[in-house]
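Colleague: Respectively, the protein sequence lines represent chains A and B. Using our numbering, the final residue of the first sequence is 113, and nothing's skipped along the way. Using our numbering, the final residue of the second sequence is 87, and nothing's skipped along the way.
Some clues are possibly wrong.
Said to hold, decoys possible - Far from chain B, by Cβ distances over 12 Å, these chain A residues were calculated:
id, residue
1, Met1
2, Arg6
3, Ala9
4, Phe25
To be verified - Cut-off 27 Å, straight-line C-alpha distance, at most; resulting in silico cross-link-like pairs (DSSO-like, lysine-lysine):
id, chain 1, residue 1, chain 2, residue 2
5, B, Lys16, A, Lys7
6, A, Lys92, B, Lys16
7, B, Lys16, A, Lys82
8, B, Lys18, A, Lys45
9, B, Lys47, A, Lys58
10, B, Lys2, B, Lys43
11, B, Lys74, A, Lys82
12, A, Lys24, A, Lys82
13, A, Lys24, B, Lys16
14, A, Lys58, B, Lys50
15, B, Lys18, A, Lys82
16, B, Lys50, A, Lys65
17, A, Lys45, B, Lys16
18, A, Lys45, B, Lys43
19, B, Lys16, A, Lys65
20, B, Lys47, B, Lys74
21, A, Lys65, B, Lys43
22, A, Lys8, B, Lys16
23, A, Lys65, B, Lys47
24, A, Lys58, B, Lys43
25, B, Lys47, A, Lys45
Claimed, not checked - So the derived label-pair ranges between C-beta atoms look like this:
id, chain 1, residue 1, chain 2, residue 2, range
26, B, Phe28, A, Lys8, 28 to 38 Å
27, B, Glu77, A, Ala80, 20 to 30 Å
28, B, Gln19, A, Ile41, 17 to 27 Å
Derived from the structure by calculation, the hints contain no laboratory data. Glycine included, each C-beta is placed from N, C-alpha and C at the ideal position.
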Amino acid sequence: MKPGSRKKALRYFFQRVVDPLGYKFTPDEEMADFLLEQEVILEQKHGIPFCPCQGLTKNREENMKIVCPCIPFHREHFDAMKRCWCGLFVHKDVTNPDELPQIPVSQIMRKEG
Amino acid sequence: MKVFIYALSTCPWCRKAKQFFKTNNIPFDFVDYDLQSAAEQEKIMEKMLKISGAGSFPVVLIGNQVVVGYNPEKYSEILGLKKGAIA
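Isolated chain A, as found in the complex (with noise of 0.2 Å):
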């Protein structure tokens, strides 16, 4: 499949898991459709379109909690920011995603914490 018609699959697949989320594209078209392109060149090499923001390690069962749409398993966090790491996704309130920098983990946790 060319790169394009791989990128408007996952997009059409993407919309449909992160709906029922709370989340949509981030509204930044320019940035969706990098990051997209990043993920299916990661599709070709390992098979799965990761995050292109987030590291794989040996650990297989931690590089399945950053296949996107991680959401899921990064809920608290993302919540907390409006938006997932690599800002593909944002929370469907949100119209200006410049306005959601991206907050370590570890600081949020130490908030609720």
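Given the coordinates of chain A, work out where chain B should sit on it, guided by the hints.
Modeller: Chain B alone, transformed into the frame defined by chain A:
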């Protein structure tokens, strides 16, 4: 102040972090984790987990301070850059 960036070649925020330091003429070193050998990746991830507790990129070391994620305000604050530093 020495700056080092743990990055991924696929991560746009890592690219933005590198660009921030370039644009503000601050020398930095970096490693693209995903472009390293498996053995090297293991070493890097071990360090990253010690430093940040997670495998999320970018991780930026500025002197002895650690910033996880793309955060130009925090980079500027640590470096003592005036407000309005180019992000």
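Colleague: Next, verify each hint and record whether it holds.
Modeller: Hints and how they fare:
Every C-beta of chain B lies more than 12 Å from that of Met1/A, the closest at about 19 Å, which supports listing it as non-interface. No Cβ of chain B comes within 12 Å of the Cβ of Arg6/A; the nearest lies about 15 Å off, and the non-interface call holds. No beta-carbon of chain B comes within 12 Å of the beta-carbon of Ala9/A; the shortest separation is about 19 Å. Listed as outside the interface, Phe25/A is consistent with that label: its C-beta sits roughly 15 Å from the nearest C-beta of chain B, beyond the 12 Å cut-off.
At roughly 23 Å between alpha-carbon atoms, Lys16/B and Lys7/A fall within 27 Å of each other, so this suggested pair holds. Proximity of Lys92/A to Lys16/B is assessed by CA-CA distance (about 25 Å); at most 27 Å being required, the pair is judged to hold. Our distance criterion of 27 Å between C-alpha atoms is met by Lys16/B and Lys82/A, whose separation comes to about 20 Å. Between Lys18/B and Lys45/A the CA atoms are separated by roughly 25 Å; this keeps the pair inside 27 Å, and the hint holds.
Annotation: proposed proximity of Lys47/B to Lys58/A holds, straight-line Cα distance about 15 Å (limit 27 Å). Under the criterion of a C-alpha separation no larger than 27 Å, the hint pairing Lys2/B with Lys43/B is consistent with the structure, at around 21 Å. Restraint check for Lys74/B and Lys82/A: the C-alpha separation of about 20 Å stays at or below 27 Å, so the hint holds. Distance check on the hinted pair: Lys24/A and Lys82/A sit about 11 Å apart at the alpha-carbon level, within 27 Å; holds.
At roughly 23 Å between alpha-carbon atoms, Lys24/A and Lys16/B fall within 27 Å of each other, so this suggested pair holds. With a CA separation close to 17 Å, the supplied pair Lys58/A and Lys50/B stays within the 27 Å bound. Taking the CA atoms of Lys18/B and Lys82/A, the gap is near 24 Å; set against the 27 Å cutoff, the hint holds. Pair hint Lys50/B plus Lys65/A holds up; C-alpha atoms about 20 Å apart against a cutoff of 27 Å.
For the given pair, Lys45/A sits about 24 Å from Lys16/B by alpha-carbon distance, which is consistent with the 27 Å threshold. Between the alpha carbons of Lys45/A and Lys43/B the distance comes to roughly 22 Å, so the proposed pair stays at or under 27 Å and holds. At most 27 Å may separate the alpha-carbon atoms for a hinted pair to count; Lys16/B and Lys65/A meet this at roughly 25 Å. For the given pair, Lys47/B sits about 22 Å from Lys74/B by alpha-carbon distance, which is consistent with the 27 Å threshold.
Taking the CA atoms of Lys65/A and Lys43/B, the gap is near 21 Å; set against the 27 Å cutoff, the hint holds. Among the hinted pairs, Lys8/A with Lys16/B is consistent with the structure: their alpha-carbon atoms are about 25 Å apart, no more than 27 Å. Among the hinted pairs, Lys65/A with Lys47/B is consistent with the structure: their alpha-carbon atoms are about 20 Å apart, no more than 27 Å. Taking the CA atoms of Lys58/A and Lys43/B, the gap is near 12 Å; set against the 27 Å cutoff, the hint holds.
Proximity of Lys47/B to Lys45/A is assessed by CA-CA distance (about 25 Å); at most 27 Å being required, the pair is judged to hold. For Phe28/B and Lys8/A, the hinted distance range of 28 to 38 Å is satisfied, since their beta carbons lie about 37 Å from each other. Take Glu77/B and Ala80/A: their Cβ atoms lie about 21 Å apart, and the range 20 to 30 Å holds. Range check, Gln19/B to Ile41/A: about 20 Å between beta-carbon atoms, so the 17 to 27 Å window is met.
Going through the hint list in order, the structure satisfies each hint without exception.
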